[in-house]
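Asker: Each chain, letter by letter, is given below.
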Amino acid sequence: MSEQDDGKDVIIEQIADVLRAPEPTATDFTARLMAVANAMPPATADTRSKAGTWWTRRRTVQFSITPVGAMTIAAGIALFAAFAGASMRQRNVPAASSALASTATVAPRSASVRTDTVRLVRFVFMSPSARSVTMVGDFNNWDRTATPLRRMGSSGTWGVTVPLLPGPHQYAFVVDGTAWTPDPASTTTVSDDFGTLTSLIAVGGAS
Amino acid sequence: MEPRSDPEIIAAVLRGQTEAYAELVDRYRDRCNRFAVRFLGDRDDADEALQSAFLRAYRGLAGCRDRGRFNAWLFQIVVNECRSLATRRSRRAERFVHDDALSAQASVEHGADRAALVSEIQHALDQLEIDQRQAFLLKHVEELSYEEMSEITGAGISALKMRVQRACARLRTLLIAVHQ
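So the sequence lines, in the order shown, correspond to chains A and B.
Position in the first sequence (first residue = 1) + 830 = the numbering used here.
Position in the second sequence (first residue = 1) + 78 = the numbering used here.
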């Protein structure tokens, strides 16, 4: 690529030189980021392989608890095939299906699945007059201090990114430490037994 | 003491030392921020894009196969995140035409000082199409090769050359017109 093709002339070089000036991040950038990262499941080396073997692991568990399988392995491969097939047909298939469904139901609570399915959700709240805005929700045990929003510029926009597991979540904003406010942008609001309004967000599943 | 290498830090994070990730963030955040601010033309948007990008990188750290090239892998995530935000923002701008920040930039007296010059150039940069702005910044500000740019953006080299060429032509027109 020649300089001519690049359009790399004096004007462009001057423009680029100005744009190459350092642009430091906010001083609290890393602290804010790590606060969110620490709230997420840990990044572990085997996360991806666990996700890839989700079904395999459950099948392995079921076969390992089948005593007939162990007996037939000891007896020989040919006998195993015939005996295990008959055994599955006679007794284990309904039980195995049931266990699989049950396991799938509780799977989102396990650490390995959480790591792979957590979603980063950006919440934005508009309030030019607020001095502070925080979020409360089922994801932070309704702690008014746990999830502060950060003011973005002078427009009165506040924002925060929150890691959420797939599924429905209730939340609200708290303005200036006291004013409980459901999300004005949310179309779904629910009321608890005491009449307190919260917003509802449905976080999607796997990416 | 010698600073730890990227692969050493990544290994520590994946062993469960979450706090070690802060070392990687501190190492690359300013360089990434420069691209994000120039590309998005707004420090708050850049902060948002970077937070999201670094968190995505953290979540996917185990998937960084070539740990010696973490920098390039991270930068690819940053570029994609900025692009996504710019696309969302352009949709938002269709609804909210009024933009105080842009108006303020437009009224800056040209040539008064370096800050005004930066504003003026940034304003011209903001006028470029997203593809052209991205290609221009990667080529002339980040000083990447076309091969590296292609790896990051997924676009072909000839398409990238065309985008850079058009971006340069447009910037020349915009900035020369301002000074006439």
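None of these hints come from the bench; they were simulated from the model.
Errors might be hidden in some of the hints.
If you want the footprint, here are the derived chain B segments under chain A, 3+ residues with CB under 8 Å [what the hints assert, rightly or not]: (1) 154-164; (2) 204-210; (3) 213-226; (4) 239-251.
Note that beta-carbon positions come from the ideal geometry of N, C-alpha and C, so glycine has one too.
Asker: Does each hint hold? Answer for all of them.
Answerer: Outcome of the hint check:
Note: the stretch 154-164 of chain B has 0 residues with beta-carbon separation from chain A under 8 Å; the three-residue rule is not met and the coverage is violated. For the stretch 204-210 of chain B, the proposed coverage by chain A is not satisfied: 0 residues have a C-beta within less than 8 Å of a C-beta in that chain, short of the threshold of three. Requiring three or more residues with a Cβ within less than 8 Å of a Cβ of chain A, the coverage given for the stretch 213-226 of chain B holds, as 5 such residues are present. For the stretch 239-251 of chain B, the stated coverage by chain A holds: 8 residues have a C-beta nearer than 8 Å to a C-beta of that chain, and at least 3 were required.
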